[in-house]
Every structure is written in C-alpha cells, then in structure tokens.
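Undergrad: Keeping the supplied structure of chain A fixed, place chain B upon it in accordance with the hints.
Protein chains: 2
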Amino acid sequence: MTILLDGKIVRDSVAGELKNKILGLEKKLKLAILQVGNKEESNKYIEQKKLFAEKIGAEVIHVRFSEDVSQEKICAEIQKLNGDASVHGIIVQLPLPETLDKNLIIQNIDPIKDVDGLTSANTKLLWKNEKGHVPATARGILTLLDYYKIEIKGKKVVVVGRSQLVGKPVALSFLNRDAIVIVCHRGTSSIMSETKQADILVVAAGNPEFITKDFVREGQVVVDVGINVKKSEHQSEEILHKKVVGDVNFAEVSPIVSAISPVPGGVGPMTVLSLFQNLLDAYIMIEEK
Amino acid sequence: MTILLDGKIVRDSVAGELKNKILGLEKKLKLAILQVGNKEESNKYIEQKKLFAEKIGAEVIHVRFSEDVSQEKICAEIQKLNGDASVHGIIVQLPLPETLDKNLIIQNIDPIKDVDGLTSANTKLLWKNEKGHVPATARGILTLLDYYKIEIKGKKVVVVGRSQLVGKPVALSFLNRDAIVIVCHRGTSSIMSETKQADILVVAAGNPEFITKDFVREGQVVVDVGINVKKSEHQSEEILHKKVVGDVNFAEVSPIVSAISPVPGGVGPMTVLSLFQNLLDAYIMIEEK
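Here the protein sequences line up with chains A and B, keeping their order.
FYI, in the working numbering the residues of the first sequence are 1 to 289.
FYI, in the working numbering the residues of the second sequence are 1001 to 1289.
Here chain A stands alone, though its shape is the one from the complex (with noise of 0.2 Å):
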C-alpha cells in the first residue's frame, strides 16, 4: 500500500496548531507582502497567503507598486518596514520587473524578518545549521515528512535538481537532519542509477512527469516539488484543457513506492504554511531580542 503524503492535510493540520500558538501572542502577528505590478500569477499567490493569514489569525500588509516604480522608493519602504516594530516579516513577492535588481533589493530586508529567506545572512544560517528562516519549500517538505514520522537522519536522500530556491536549501536542510545526500542534476547522466539507490528522492527540477517508473524501486519515500502546466491541445483547435502536473508521472511511481507526494496537493499547500511558521519563528525572535 502506498501512502499518500497530502500536503492539504498536513497543512490544516499544522495550520490548526499554528491557530492556537498565534491566538496565545501578546500583538498581533503581521506579514507585509510588497508587490510591483500587477502580474495575475502573482494576485493568485498573493491572494492565497491573505487567505491563509485570515484562517490562522495574521495580519497582511500588501503594498503594491507600480511596474515602473524606482529601486530606492521600494528600498526605502523595506527601510520602513524593517523599522516597523508591528510588522514581522516582510516578503517580496517574486518575480519583479527585470529592470530591478532583485538581489539588491531582498538585501534590504533585515534577516530576522525575511520570513522567505532569501537574504546571504539566513542562507549562511542555513549553511552554518543555525537558527534562522529556512526557505518555504525546503521547510516545508521537511513538515510534511515529519507528520507522516518518515525517519530522515541517517537516510539516503537524492535530490534532483540544484536551484537556489529549492534544489540546495532543501539539500542542505537533509544534510542538516543527518542525511546522507545526493544532488543531481540534468548533467547528471548516470541519474537513473542514482534515484533507485534513494531512501528518500526529492525532485525539484522542472522537468514535466520526467521521473518514469525506471527511475524508482520499491520502499521508496518520493516529494515531486514540480509544478508544470501540462496544455492539451488537439491538432489545429484551441488548447482543450490545463492540467497541473509534477516531475514525477504519478501513475506509474505510485504503485510501486512506499509513500509519494501528489501534484497538485502535495509539497504545494505545505509552502504558505512554512511561510507562517516562520512569520511566528521571526515574532518569537524580535520578541526575545
């Protein structure tokens, strides 16, 4: 029998702990979302934390810029922000326009309340196996592990795929458990052998339904982060359909592994949770400081 690992369960669940720990704060605990123009993604995303923020008792702030905005007017509010005793933590919602310099930008968010954990001082907290913001879906993925008790220390977790945003952060938080880990990658010719030897696979490479039945074995653990849109199209007419697929082809891995992640339903919920765990985490610090 293969176990679903249902982020939308672990996530109401969790969200129902974090619900009472928030009602217990002193203040009231309050993210701000800083957006630039008006890309509908982004609404949708945005949109879906407001949601959740209501649902556990949080505040957002969203302040929203226009797409010509200057770099200093949007460093200047993150200034602001930072100095805000009653906000929390600050995000930027991502992407931005390609005329700003995200990098420069993110900088500019104090590290206690880069609940996304984006700045060089949490990724070095990360790296030093410290306190500090761990990235939503490397978090997250760790959340869901955890609720469903899969052993993680000492375990052999191969991840496919290297990005700064998901492949090392959640390569790192493994190490960090006391992992053996495993980064592969598309230059990684050999990776079929590698994904078979895993206790635990992780694949984070964007790369629709690429992991096969012939990538996995039985007893197996696997986490699909992918999120692709799969277009049916039908010879000259309009696209029929949108599906959202994973990395994984879910029909031929399920059956054969001990517990797998759906997409959608899976790693997905568990990252605006992460988000808000660390939005308390960032309370508790600038509480105790």
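One thing to keep in mind: the hints can contain errors.
[Claimed, not checked] Which chain B residues face chain A? A few, computed with CB under 10 Å, are given here:
(1) LEU1100
(2) ASN1103
(3) GLN1107
(4) SER1120
(5) LEU1125
(6) ASN1129
(7) ARG1162
(8) GLN1164
(9) ASP1178
(10) SER1189
(11) ILE1191
[What the hints assert, rightly or not] So the derived label-pair ranges between C-beta atoms look like this:
(12) GLU1026(B) / GLU151(A): 27 to 37 Å
(13) GLU151(A) / LYS1073(B): 48 to 58 Å
(14) ILE1286(B) / GLU72(A): 22 to 32 Å
[Said to hold, decoys possible] One-sided excerpt, in silico: chain B residues whose CB lies under 7 Å from chain A:
(15) ALA1121
(16) THR1123
(17) LYS1124
(18) TRP1127
(19) LYS1128
(20) GLY1154
(21) LEU1175
Hints in this document: simulated from the structure, not taken from any laboratory.
We put the beta carbon where it would ideally sit given N, CA and C, even for glycine.
TA: Relative to the frame of chain A, chain B by itself:
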C-alpha cells in the same frame, strides 16, 4: 600506477603564472592579515603566507592586536582597511580568542576584499554559482585536480565531512562544476558503501587515517584534506615524535586507487596559493569597479 597529486609541484607551477600576472599589474598587490594575540600555530601560518607573498611579488601588512583587544577596535581597523584603496584583501587569522565574536568581525570585511571567502555575501555567491571568493581549501582542491586534468563534470564526488569551512564549500564547488555530489558524515552508517561508489573521494573528516583499504576501490581519485598530528608515545616515556597524517591511511589506500593526494604535501600547499589567487581576483574586481 598510482598518480601522486603533488600539491607542492602544482603550487610552485601555478605560483609562477601568478607571479607573472602580478608583475604586470599597475599597483602593488596587497593583503592585510589581522591577528589577535600571539599563538604559535597562527604565527607559523602567517609566516607561510608572508613567504609565499614575497615569492610572487605581493605585499603583506600584518596587524597584530593584543589578546585583550576590544571587538570595536578590530572592526574599526577592518573599516579602515575596507576604505584603503591600496589594500585588496583582508583576512583575520583564526582562531580568535573566544571572548570575541568571530562572525561579527568577519562580516565587517568588504566582500570584495574577503579573500578567505567567509562573509555571508561570498557564501551566497558560491551558493548561486556566481563570481565571488571561494574558501581556499575548496579552490585549492579544484586547482589540484585541474592541474592533473582529472575530469569533474558528470563525475560522482563523495565528500566525507560537512564543515562550514571545508565540507560544504567543497561540495558546492563540485556541484557548480556539474558533478554529482554526495555528502557523508559521522552520522552515516553506510559510509563505506558510499565512498566505494565515488569517482572522486574527498575526505575532510578530521579523523586520522580512518579511510582504510576497505573504503576504496580501483580507479578512484582520493583527495585527503585531513591534517592530524599523530603522537607516538612509548609507555611511560615522553612523546617520541610528532607526525602529521591525513584522514586517509596512505599506505593502505595508495596502492589501490588511481590517484591520491598525500598528507603533508597534497591539499595543504594549495591553500596558500588559493588565497593569493583570490587576492588577485579581488584586485581585478576592485580595479574594474
């Protein structure tokens, strides 16, 4: 036949090239070394750096503080050196007395002048595979392998050890060179089966001669980063002699594998070279600004 990865030969050869490049510079290439106290071990390392600098035509300023110096005074000196256009690199000789906050002090160094690659900014650049200063040991290992034309791309690299100063930067450096990277550590029970799978095995475990013949197989490249002082004692007598050994049992392993770096004389000599390669990079970055 086993190839000896001879760090002294490579250092001297690359030092020759470095010297020629330095000769062609408009300004003097200058490194500032900050030392607190008067540890014998630190004096020795600083002396090595000074000798190497002299050999390649670079200049070293050695600033020594007394053991009871305040943090503020060190940081003020760093700020002064940051602003000094004639200085291209600044390093703090470690270890520092425990009363001082090492991280805070190092974070004061301008990342461009941080030729030890220890600031968060440089960790982040390594993380992102962007141009910055890579810690000397990691850079030295790659230079050593490149000199002997050992291919890295697509190879399976097993790193034993996950320290902030060696294991992690080494792992990321290989990942940035398109290797498959496996990180093992003390917590790894199956370490023997991991190390045997490596094409390139890098050992930085701080455990004298613990890689025996049982950990390796034919055809491997073994890089030994360990520096352990082995004291031979004889019953109730005084210590008879001190010997430096690596993390690899050289006598057992060297006949089996296809290439190996000795200790001493392998990675050790490469680190001073790497420091001054970073210094030259810093010069170019500063002058290009």
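Undergrad: Compare the structure with each hint and give your call.
TA: These are the hints, each one checked on the structure:
no.: 1; hint: LEU1100; verdict: 17 Å, violated
no.: 2; hint: ASN1103; verdict: 9 Å, holds
no.: 3; hint: GLN1107; verdict: 9 Å, holds
no.: 4; hint: SER1120; verdict: 4 Å, holds
no.: 5; hint: LEU1125; verdict: 9 Å, holds
no.: 6; hint: ASN1129; verdict: 8 Å, holds
no.: 7; hint: ARG1162; verdict: 6 Å, holds
no.: 8; hint: GLN1164; verdict: 5 Å, holds
no.: 9; hint: ASP1178; verdict: 4 Å, holds
no.: 10; hint: SER1189; verdict: 6 Å, holds
no.: 11; hint: ILE1191; verdict: 8 Å, holds
no.: 12; hint: GLU1026(B) / GLU151(A): 27 to 37 Å; verdict: 59 Å, violated
no.: 13; hint: GLU151(A) / LYS1073(B): 48 to 58 Å; verdict: 49 Å, holds
no.: 14; hint: ILE1286(B) / GLU72(A): 22 to 32 Å; verdict: 25 Å, holds
no.: 15; hint: ALA1121; verdict: 5 Å, holds
no.: 16; hint: THR1123; verdict: 5 Å, holds
no.: 17; hint: LYS1124; verdict: 4 Å, holds
no.: 18; hint: TRP1127; verdict: 6 Å, holds
no.: 19; hint: LYS1128; verdict: 5 Å, holds
no.: 20; hint: GLY1154; verdict: 6 Å, holds
no.: 21; hint: LEU1175; verdict: 6 Å, holds
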